[in-house]
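K.L.:
Given next are the chains, with one letter for each unit.
Number of protein chains: 2
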Amino acid sequence: MDTIKIGLLGCGVVGTGVVKQLISNQENIARNTGCRLEIKRVLVRDLNKNRSLDLPRKVFTDQADDIINDPEIQIVVELIGGIEPAKSYILASFAKGKNVVTANKDVLAAHGREIFAAAEEYQKDLRFEASVAGGIPIIQPLKDSLAGNRIKEVLGIVNGTTNYILTKMALEGKEFAEALAKAQELGYAEADPSADVDGLDAARKIAILASIAFRTRVSVDQVYVEGIRDISALDIVYAQELGYTIKLLGVAKEVNGEVDVRVHPVMIPNNHPLATVNDVYNAVFVEGDAVGQTMFFGPGAGELPTASSVVGDIMAIAKHIRLGITGQLTGCTCYYNKPIRPIGQLNSSYYLRLLVQDQPGVLANIAGVLSQHQVSIASVLQKRTLGHLAEIVIVTHEVKEADFMASMAEIRELPPVEKVDSIIRVESTNSNG
Amino acid sequence: MDTIKIGLLGCGVVGTGVVKQLISNQENIARNTGCRLEIKRVLVRDLNKNRSLDLPRKVFTDQADDIINDPEIQIVVELIGGIEPAKSYILASFAKGKNVVTANKDVLAAHGREIFAAAEEYQKDLRFEASVAGGIPIIQPLKDSLAGNRIKEVLGIVNGTTNYILTKMALEGKEFAEALAKAQELGYAEADPSADVDGLDAARKIAILASIAFRTRVSVDQVYVEGIRDISALDIVYAQELGYTIKLLGVAKEVNGEVDVRVHPVMIPNNHPLATVNDVYNAVFVEGDAVGQTMFFGPGAGELPTASSVVGDIMAIAKHIRLGITGQLTGCTCYYNKPIRPIGQLNSSYYLRLLVQDQPGVLANIAGVLSQHQVSIASVLQKRTLGHLAEIVIVTHEVKEADFMASMAEIRELPPVEKVDSIIRVESTNSNG
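Those sequence lines, one after another, are chains B and R. Read the first sequence against numbering that gives the first Met the number 0 and you will find it ends at 432, with the numbers running on by one and no gaps. Read the second sequence against numbering that gives the first Met the number 0 and you will find it ends at 432, with the numbers running on by one and no gaps.
Incorrect hints may appear among the rest.
A pair counts as met if it fits within one copy or between any two copies, since identical chains are not told apart.
What the hints assert, rightly or not - In the DSS-like style, the derived pairs of lysine-lysine whose C-alpha atoms are separated by at most 30 Å in a straight line are:
| no. | residue 1 | residue 2 |
| --- | --- | --- |
| 1 | K19 | K337 |
| 2 | K337 | K48 |
| 3 | K399 | K19 |
| 4 | K4 | K151 |
| 5 | K19 | K151 |
Worth flagging that the hints you see were computed from the coordinates, not collected in a lab.
All chains should be built: construct the whole structure from the sequences, respecting the hints.
P.N.:
See the structure below:
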């Protein structure tokens with residue numbers, strides 16, 4: 000039986016999981032791939048750290064070149080994360096004739112085109128199932144079983160930290176700051192939580208999913224992004240009363256040949272499959288012209304779940320090496336060059352919560368401004384009176400975002416309007432964006 | 000660009016969907032596969048039927064040999080269903096050097112070993128994503144992205160008819176017969192509904208999933224099966240009160256090297272991801288040692304959803320033909336020969352509902368019998384009094400099925416026990432069967 004040698008760049012949480020899984024499941028893996036997989040070298044920062052992994056000491060190195068320049072290594076597994084040096088290592092690995100598995104959403108969402116071009120130039124495999132939604136198989140199902148569909152939309156809960164925070168807020172009535180503190184205490188959020196709570200992490204993932212779903216390269220800087228810092232416990236309660244759950248979604252749709260791609264809080268109907276995806280779980284909802292509505296649910300992060308995807312990718316590449324077909328089945332599928340649809344062109348319903356003077360004529364005043372901008376009202380609720388102020392919640396019918404935002408700019412200037420507290424987009428399933 | 004020619008055996012609901020999708024999405028398909036896919040022949044029963052498909056009349060034939068013996072056809076898509084003549088056609092197709100896509104759960108669950116052996120003998124591809132859970136990608140994810148896992152359990156809502164019936168019973172309080180009539184009216188259930196409601200259809204699908212998950216051949220006759228005819232609206236209400244939803248599940252677990260595989264109604268906790276899968280939707284819940292808990296949700300049947308899976312399979316095979324690697328990546332993965340665990344060895348909790356004489360000492364009597372058989376009681380509820388009879392619901396702790404059933408045989412004979420109305424197994428997630 001042939002042996003295929005692997006080099007790991009990085010041995011943090013995911014790397015540790017990959018080593019454990021490759022060792023503990025080696026018999027199955029050998030049966031399935033028809034070859035033995037050997038971890039030849041592992042790049043680490045600190046050679047002296049005690050790792051309690053079942054690998055000889057000589058496997059570890061602090062020099063990336065020991066892996067990239069080793070002609071015996073056929074698969075490089077990049078688990079460093081971030082842009083550099085990960086990007087250089089990946090490109091160098093292809094140039095040295097290696098196949099690459101990566102869990103790195105940052106580099107793929109920013110430099111996907113260049114990385115795929117290098118894979119193609121050197122006819123090597125690039126697999127990246129773990130880069131989106133951790134352990135959930137979603138990249139390969141889109142590229143394989145669902146390949147015969149024209150995808151209409153992808154909606155993803157692809158950031159576990161924010162989903163945990165929103166779940167805590169919904170189920171325990173906590174405010175954002177308190178729920179974030181709890182997430183940090185449990186290790187679900189980092190000390191600087193901005194990449195998660197401001198939506199950047201989700202933006203990277205939806206850029207990758209949109210690229211595959213719509214067969215056109217979408218990079219992270221093309222994604223419209225809002226985070227969840229402004230969501231209040233009150234909005235979550237009012238959303239529930241209206242029959243909605245608030246989730247931070249990555250949204251990607253194709254509308255008249257353009258790609259609508261964005262990350263922001265969304266009110267989704269309580270009976271939507273994504274509405275009950277709670278805590279740190281992730282889920283990706285896919286609608287295709289043939290398959291209809293499907294959803295893929297599971298753990299979006301963690302040592303072994305992420306390792307599950309990485310090991311699946313390694314096994315697929317090992318089979319391709321054995322058959323001499325690397326670079327033939329896993330190439331870039333961005334055949335088209337579709338424009339990005341500006342956020343102003345979005346058609347959506349909106350939820351808004353505002354504080355106004357509690358006096359006659361105010362609502363007529365607001366409704367007048369809305370109607371001047373073609374915004375029609377689906378429902379109005381007066382929620383509470385706070386001294387001389389009244390809290391009003393309005394849900395609109397579908398309207399063009401640019402028109403809605405123009406109406407909001409005017410409404411903010413109306414004398415009896417004290418404050419616009421919240422604006423949240425409402426997703427009605429089967430809308431076309 | 001090369002053209003790969005396809006022959007369709009059968010042009011009913013799914014076949015019609017496959018033709019439509021191959022034609023309407025041909026540009027994408029050609030970009031993705033690197034070749035043109037041409038439907039050369041379609042086997043139909045009645046050549047004179049008007050089909051409103053965008054295919055020349057000469058494509059249709061009523062002779063299977065026109066497809067099986069045509070040397071130009073490289074992919075045969077078997078959509079006839081049932082055992083014969085489907086099985087003979089599949090075997091003959093391999094013998095004639097063709098690759099096969101099938102949506103046929105019946106033949107795979109009964110004769111999988113023979114069919115896979117033929118695919119291997121002739122080094123051809125066999126793909127069957129549509130055979131389980133219609134449009135949901137589940138076969139390929141298990142074989143690809145999740146391949147690095149040891150699967151612990153697969154729980155599937157894999158029959159849309161029974162899920163529709165149970166949903167109607169739960170949400171509208173209907174009894175089984177009434178919900179079945181509604182399903183028949185809507186075309187979700189056949190005039191003779193037994194394959195669905197008695198669990199045989201689900202048994203075929205769980206046999207296929209168990210074979211892949213545990214890498215050992217499981218055939219349909221090895222699956223323990225109970226259907227949903229005996230579920231009453233009352234049980235569904237009581238289950239809800241206890242925090243459970245009743246679903247017909249295909250269950251497959253590996254326990255100490257043995258495969259526990261069965262289909263029967265199950266009470267699952269309301270917070271289980273499968274509990275909110277309603278109507279005709281299907282879902283497959285998979286737990287692996289690395290990935291943890293994942294779920295795949297979507298439409299389990301229908302013209303275009305099923306065609307989605309079939310077309311994905313055709314595209315994968317087309318790429319393999321182009322690369323000259325048919326039979327190399329898609330072979331049988333049943334490397335092991337694991338015994339089937341007898342149903343009597345199952346460890347489960349049980350819900351039982353019984354009618355007893357409303358008199359002192361009856362419960363003590365029942366509890367005594369249970370305890371003689373090592374059955375310990377988790378909760379007892381007296382639900383209603385009906386004249387001189389009392390309705391009692393008991394939920395047990397985990398116990399061996401053989402012991403539980405022995406206790407039930409004795410309890411049925413107790414003079415004050417009028418009737419044992421229901422026995423339903425209770426699934427506690429993370430139990431090991």
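K.L.:
Compare the structure with each hint and give your call.
P.N.:
Now the hints, each set against the structure:
no., hint, result
1, K19 x K337, "between (42 Å within a copy, 25 Å between copies)"
2, K337 x K48, "neither (48 Å within a copy, 42 Å between copies)"
3, K399 x K19, "neither (51 Å within a copy, 34 Å between copies)"
4, K4 x K151, "between (40 Å within a copy, 28 Å between copies)"
5, K19 x K151, "between (39 Å within a copy, 17 Å between copies)"
Comparing the model with each earlier hint shows violations of hints 2 and 3; every other hint is respected.
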